[in-house]
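Throw the hints in and build the complete structure from the sequences for me.
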Amino acid sequence: ILNVEQSPQSLHVQEGDSTNFTCSFPSSNFYALHWYRWETAKSPEALFVVTLNGDEKKKGRISATLNTKEGYSYLYIKGSQPEDSATYLCAFNSGGGADGLTFGKGTHLIIQP
Amino acid sequence: NAGVTQTPKFQVLKTGQSMTLQCAQDMNHNSMYWYRQDPGMGLRLIYYSASEGTTDKGEVPNGYNVSRLNKREFSLRLESAAPSQTSVYFCASSRFQETQYFGPGTRLLVL
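Same order as they appear, the protein sequences are chains A and B.
Residues in the first sequence are numbered from 71 upward in steps of one, following my numbering.
Residues in the second sequence are numbered from 13 upward in steps of one, following my numbering.
Treat the hints with care, as some may be off.
To be verified - Okay, the calculated bits of chain A under chain B, using three or more residues with CB under 8 Å as the criterion:
| # | stretch |
| --- | --- |
| 1 | 106 to 119 |
| 2 | 123 to 131 |
| 3 | 135 to 143 |
Said to hold, decoys possible - Here are the simulated distance ranges between beta carbons:
| # | chain 1 | residue 1 | chain 2 | residue 2 | range |
| --- | --- | --- | --- | --- | --- |
| 4 | B | D38 | A | L122 | 27 to 33 Å |
| 5 | B | L121 | A | G124 | 30 to 36 Å |
| 6 | A | E153 | B | P20 | 35 to 41 Å |
| 7 | B | S96 | A | T110 | 20 to 26 Å |
| 8 | A | N99 | B | K83 | 27 to 33 Å |
| 9 | A | S77 | B | M39 | 28 to 34 Å |
| 10 | A | K139 | B | P95 | 41 to 47 Å |
| 11 | A | V83 | B | M53 | 34 to 40 Å |
| 12 | B | P73 | A | P183 | 32 to 38 Å |
| 13 | B | S96 | A | N123 | 37 to 43 Å |
What the hints assert, rightly or not - Here are the simulated lysine-lysine pairs, DSSO-like style, with alpha carbons at most 30 Å apart:
| # | chain 1 | residue 1 | chain 2 | residue 2 |
| --- | --- | --- | --- | --- |
| 14 | B | K69 | A | K112 |
| 15 | A | K112 | B | K21 |
| 16 | A | K112 | B | K26 |
| 17 | B | K69 | B | K26 |
| 18 | A | K175 | A | K129 |
| 19 | A | K127 | B | K21 |
| 20 | A | K139 | A | K129 |
| 21 | B | K26 | A | K129 |
| 22 | A | K112 | A | K148 |
| 23 | B | K26 | A | K139 |
| 24 | A | K112 | A | K175 |
| 25 | A | K175 | A | K127 |
No lab work stands behind these hints: they were computed from the structure.
Computed from a predicted structure; not experimentally measured.
Every residue, glycine too, gets a C-beta built ideally from N, C-alpha and C.
Listed below in structure tokens is the structure:
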């Protein structure tokens, strides 16, 4: 079983502040790293797929970076808004099998007005 | 396109009862997955189907069976429900090894 760790487990951020959190994954046999946004009572929704070391993907105020050599990815949120409150999941794909993604337990983000 | 649909949305079972959770996707994806989500545990893979006609065990398969009925449909069966199977169940689909798209989930309570 692959080990995908996310930190912190939860985070309270003031509206307007910027924040970031981490996903750590095995640095060997890397294929892709996925980020999902998961709102309460809904289903996970795909944000990004990052595949290349050093790559950065951006969607509005949210961006993700990737370091495959050391096995981590950061998710950044600039100028947090209340609607950013959600759990953010990362998922590692080793490309080695058909069982898809190994998910971290998520970072629960709460934006305080 | 409806994406990934799941039925039922909610279910209450007594210990020992059986039921089947249904999942269908209309995105022509080859791969389909069943996860369970429990507090503090994240998403754990129960079973997956890489393509029509194949199924394989994931991380937590005990107490479950699956059927890949056709390319669109992937069902999860609990033969004899136990309280430990109280959870939220998500179905997902994807092209092989790519981004997974999730259904809305089924909330199951086993008494």
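Problem - Restraint check for B/K69 with A/K112, where alpha carbons must lie at most 30 Å apart - result: Within the cut-off at roughly 26 Å; holds.
Exercise for the section: Could you grab the alpha-carbon distance between A/K112 and B/K26 and see if it respects the 30 Å cut-off? Expected result: holds, 26 Å
Problem - Pair hint A/K112 and B/K21, alpha-carbon separation not exceeding 30 Å - result: Holds, because 12 Å separates the two Cα atoms, which is no more than 30 Å.
Handout entry: 30 Å Cα cutoff - pair B/K26, A/K139
Key = violated, 49 Å
Practice task
Decide if the proposed pair is consistent with the structure: A/K112 and A/K148, CA atoms, cutoff 30 Å inclusive.
Solution key: OK: A/K112 and A/K148 at ~23 Å, within 30 Å.
Exercise for the section: Given the hint that B/K26 pairs with A/K129, test it: the Cα-Cα distance must not exceed 30 Å. Expected result: This hinted pair is violated, its Cα atoms lying about 45 Å apart.
Exercise for the section: Mind checking the alpha carbons of A/K112 and A/K175 for me, to see if they're no more than 30 Å apart? Expected result: Roughly 16 Å separates the two Cα atoms, so the pair holds.
Handout entry: Holds or violated: A/K139 to A/K129, with C-alpha atoms at most 30 Å apart
Key = Satisfied, since the Cα-Cα distance of roughly 24 Å is no more than 30 Å.
Handout entry: CB-CB spacing for B/K83 and A/N99 relative to the 27 to 33 Å hint
Key = holds, 29 Å
Problem - Range hint compliance [Cβ, B/S96 to A/N123, 37 to 43 Å] - result: holds, 41 Å
Practice task
Kindly confirm whether 32 to 38 Å is satisfied by the beta carbon distance between B/P73 and A/P183.
Solution key: Given range 32 to 38 Å: violated, Cβ gap about 44 Å.
Problem - Range agreement (Cβ of A/T110 with Cβ of B/S96, hint 20 to 26 Å) - result: The hint (20 to 26 Å, Cβ to Cβ) holds, given that B/S96 and A/T110 are roughly 24 Å apart.
Figure legend: structure checked against the earlier numbered hints; hints not met, in rising order: 2, 3, 5, 6, 11, 12, 19, 21, 23.
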